[in-house]
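Chains as they are written, first to last, in the numbering used here: chain A, -17 to 341; chain B, 1383 to 1461.
Mixed in with the good hints there might be a few duds.
For lysine-lysine, the following DSBU-like pairs were computed, each having C-alpha atoms within a straight-line distance of at most 30 angstroms [stated by the list, open to error]:
#1 LYS154/A x LYS1417/B
#2 LYS1426/B x LYS1394/B
#3 LYS89/A x LYS1442/B
#4 LYS1394/B x LYS154/A
#5 LYS1394/B x LYS1417/B
#6 LYS1396/B x LYS1417/B
#7 LYS1442/B x LYS58/A
#8 LYS1442/B x LYS1426/B
#9 LYS154/A x LYS222/A
#10 LYS1417/B x LYS89/A
#11 LYS312/A x LYS1454/B
#12 LYS222/A x LYS1396/B
#13 LYS222/A x LYS1426/B
#14 LYS1394/B x LYS222/A
#15 LYS312/A x LYS1394/B
#16 LYS312/A x LYS1426/B
#17 LYS1442/B x LYS1454/B
#18 LYS58/A x LYS1417/B
Only some residues are given here: those of chain B computed to face chain A with a beta carbon under 8 angstroms [said to hold, decoys possible]:
#19 VAL1406
#20 ILE1411
#21 VAL1418
#22 ILE1421
#23 ILE1424
#24 VAL1429
#25 THR1432
#26 GLY1445
The following residues of chain B were derived to be distant from chain A, with all beta-carbon distances above 12 angstroms [said to hold, decoys possible]:
#27 GLU1384
#28 THR1390
#29 ARG1403
#30 GLN1404
#31 GLN1408
#32 ASP1410
#33 GLN1422
#34 MET1425
#35 SER1444
#36 ARG1446
#37 VAL1450
#38 LYS1454
#39 SER1458
Note that these hints are calculated values from the structure, not bench results. For every residue, glycine included, the Cβ atom is placed at its ideal position computed from N, Cα and C.
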Amino acid sequence: MAAHPGGTGITVPRSVADSRAAARYFGAGLLALGIWWLVYRSLPAFSRWFTFSLLGLAPGNRLSSAVEFFVFDGPKVLLLLTLVVFAVGVVRSFFTPERARRILSGKRESAGNVLASLLGVVTPFCSCSAVPLFIGFVTSGVPLGVTFSFLVSAPMVNEVALVLLYGLFGWKVAAIYAGTGLVIATVSGWMIGRLGMERYVEEWVYAAPAGVDDGDEGPDLSWRDRVDYGLDAVRDIVGKVWPWVLAGIAVGAGIHGYVPENFMAAIMGADAWWSVPLAVLIGIPMYSNAAGIIPVVQALLGNGAALGTVLAFMMSVIGLSLPEMIILRKVLSVRLIATFTGVVGVGILIVGYVFNALM
Amino acid sequence: MEIAILGTGCPKCKQTTEVVRQAVEQADISATIQKVEDIQEIMKYRVMMTPAVAIDGQVKISGRVPTVDEVKSLLSPAR
């Protein structure tokens, strides 16, 4: 990264210009990160000062503990969210569906399933382009099961959900969420591949022109473009989800101070065996992105629902959605969609039971 | 000049249509804007991400909502 000193008036080669820009962005990034860290570190003190000095609430009662919780957790989660969404945005600027397809085509199953699940996390994806992506993958030689691993992991392992789980329940829950999501995506894709269901893909799909136009892949991006990409992601995602996040934390704060803790335990506790399948079934017709579901998760957990049951509910809402199945019906037969739902559903059930048993 | 907007009707596709419409208006050129919503038709353009914008059959943008200036610069060489 040694920027060439004194390039007077001569046209600087693109690579040198780019590494200079990289150095500048690196410096600015460090500064921003430093400020971020200072703000983050001073949140506990700030929330105490705000609650007890500014508002003059007495320590130890319900109201003050709810206020302190909200003033601490609200900014904390938003700060984490901004940082992670930006980082994920920059990482995603290195990946496109075209590149994922190139990496995956011709890969064998097993290793291909694992790779597809991981790529599903880092590749920008919107469920509205699930169908073109599906066709683009299978027509260029990506095995059907590997394609499914990608399609399962892309919505299920979501960076916003990850940050929220980390912020609200700690890194263990967040890691478990990401890990189990990847395992479900890998295994269910692998199983669909084993079942040999290629004939249940609608015929016209394989008749579609092979390969995909790489049109928009464009020239290699500069660091400036990548930073812009990250900032765009922040504007787009954080700009959209912050009311939901704050609502979730407000609900959490309310519970923190008021609602008795084992309110939900009877219906969604670990002792009720049927709670996990019920949670999955309720989750299927509901459709929400990961951020929208977090307030609900927060409310359920705060009221004594078991973690496994709540995770199963959350994964079902995000990963198995009726609207997406209807979109996929254009390219897949009902039988394949049912298999897909069944395999992923069983995976979610296992996660639910395992967590309820462990925690 | 024919501009095709490829997308199955998600919010981003509508935004894209709006952006393209504004760009055409500002660039003051004559172009037909066509929305392609049928998935089989979309696949003929061989795109993997919607929304996508194709100009005279060539895919120029896919997987994101472009800016008005970007679309204008795509339109200008043909003037």
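Taking the hints in turn, this is what the structure says about them:
no., hint, in the structure
1, LYS154/A x LYS1417/B, "47 angstroms, violated"
2, LYS1426/B x LYS1394/B, "20 angstroms, holds"
3, LYS89/A x LYS1442/B, "29 angstroms, holds"
4, LYS1394/B x LYS154/A, "35 angstroms, violated"
5, LYS1394/B x LYS1417/B, "13 angstroms, holds"
6, LYS1396/B x LYS1417/B, "10 angstroms, holds"
7, LYS1442/B x LYS58/A, "40 angstroms, violated"
8, LYS1442/B x LYS1426/B, "15 angstroms, holds"
9, LYS154/A x LYS222/A, "27 angstroms, holds"
10, LYS1417/B x LYS89/A, "36 angstroms, violated"
11, LYS312/A x LYS1454/B, "34 angstroms, violated"
12, LYS222/A x LYS1396/B, "17 angstroms, holds"
13, LYS222/A x LYS1426/B, "33 angstroms, violated"
14, LYS1394/B x LYS222/A, "14 angstroms, holds"
15, LYS312/A x LYS1394/B, "20 angstroms, holds"
16, LYS312/A x LYS1426/B, "15 angstroms, holds"
17, LYS1442/B x LYS1454/B, "12 angstroms, holds"
18, LYS58/A x LYS1417/B, "43 angstroms, violated"
19, VAL1406, "20 angstroms, violated"
20, ILE1411, "22 angstroms, violated"
21, VAL1418, "11 angstroms, violated"
22, ILE1421, "5 angstroms, holds"
23, ILE1424, "6 angstroms, holds"
24, VAL1429, "6 angstroms, holds"
25, THR1432, "5 angstroms, holds"
26, GLY1445, "7 angstroms, holds"
27, GLU1384, "16 angstroms, holds"
28, THR1390, "6 angstroms, violated"
29, ARG1403, "20 angstroms, holds"
30, GLN1404, "19 angstroms, holds"
31, GLN1408, "22 angstroms, holds"
32, ASP1410, "26 angstroms, holds"
33, GLN1422, "6 angstroms, violated"
34, MET1425, "5 angstroms, violated"
35, SER1444, "4 angstroms, violated"
36, ARG1446, "8 angstroms, violated"
37, VAL1450, "15 angstroms, holds"
38, LYS1454, "17 angstroms, holds"
39, SER1458, "18 angstroms, holds"
Comparing the model with each numbered hint stated earlier shows that hints 1, 4, 7, 10, 11, 13, 18, 19, 20, 21, 28, 33, 34, 35, 36 do not hold.
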